[in-house]
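Visitor: Positions in the sequence shown are counted from 1; adding 122 to them yields the numbering used here.
Quick caveat, the hints were computed from the structure, so don't treat them as lab data. There could be a bad hint or two in this list.
[To be verified] Beta-carbon label-pair distances, calculated as ranges:
{"hint": "1", "residue 1": "141", "residue 2": "198", "range": "34 to 40 Å"}
{"hint": "2", "residue 1": "148", "residue 2": "196", "range": "18 to 24 Å"}
{"hint": "3", "residue 1": "171", "residue 2": "195", "range": "27 to 33 Å"}
{"hint": "4", "residue 1": "199", "residue 2": "166", "range": "23 to 29 Å"}
{"hint": "5", "residue 1": "130", "residue 2": "188", "range": "15 to 21 Å"}
{"hint": "6", "residue 1": "146", "residue 2": "199", "range": "27 to 33 Å"}
{"hint": "7", "residue 1": "141", "residue 2": "195", "range": "32 to 38 Å"}
Ideal Cβ placement from N, Cα and C applies to all residues, glycine included.
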Amino acid sequence: MSDDLAEPVTLFLGPDMDKMAFRRDSIYFPEMKQALKYAVEVMPADRQYGSSIRMERDHSELQWPAIYERYQALQSG
Numbered sequence: 123m124s125d126d127l128a129e130p131v132t133l134f135l136g137p138d139m140d141k142m143a144f145r146r147d148s149i150y151f152p153e154m155k156q157a158l159k160y161a162v163e164v165m166p167a168d169r170q171y172g173s174s175i176r177m178e179r180d181h182s183e184l185q186w187p188a189i190y191e192r193y194q195a196l197q198s199g
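Please put together the full structure from these sequences, using the hints given.
Guide: Quick look at the structure:
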C-alpha cells in the first residue's frame, strides 16, 4: 500500500449540483497521500459522494468509500 501512496493521481470531485456540467472538476496531485487528505479534510461533503481517484500509472480508480478507508489507514499508521 505504501508504494502507491507516492504515486501521482488525479482526484475527480463528485458532481456539483448547483451547476450542471458535462465534465467533472479534477485536481492533479503528485502523491496519492495528498489527494486522500484533500478529499477527506478539504473537499466539501456534498462533492465527496461520487468522487474518485485515478492512478496515473495504470489508470485504476478508487471510488469514495475506498478513498475514505485508505485515508483512515494512512492516519492510523
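Visitor: Are any of the numbered hints broken by this structure? If so, which, sorted upward?
Guide: 3
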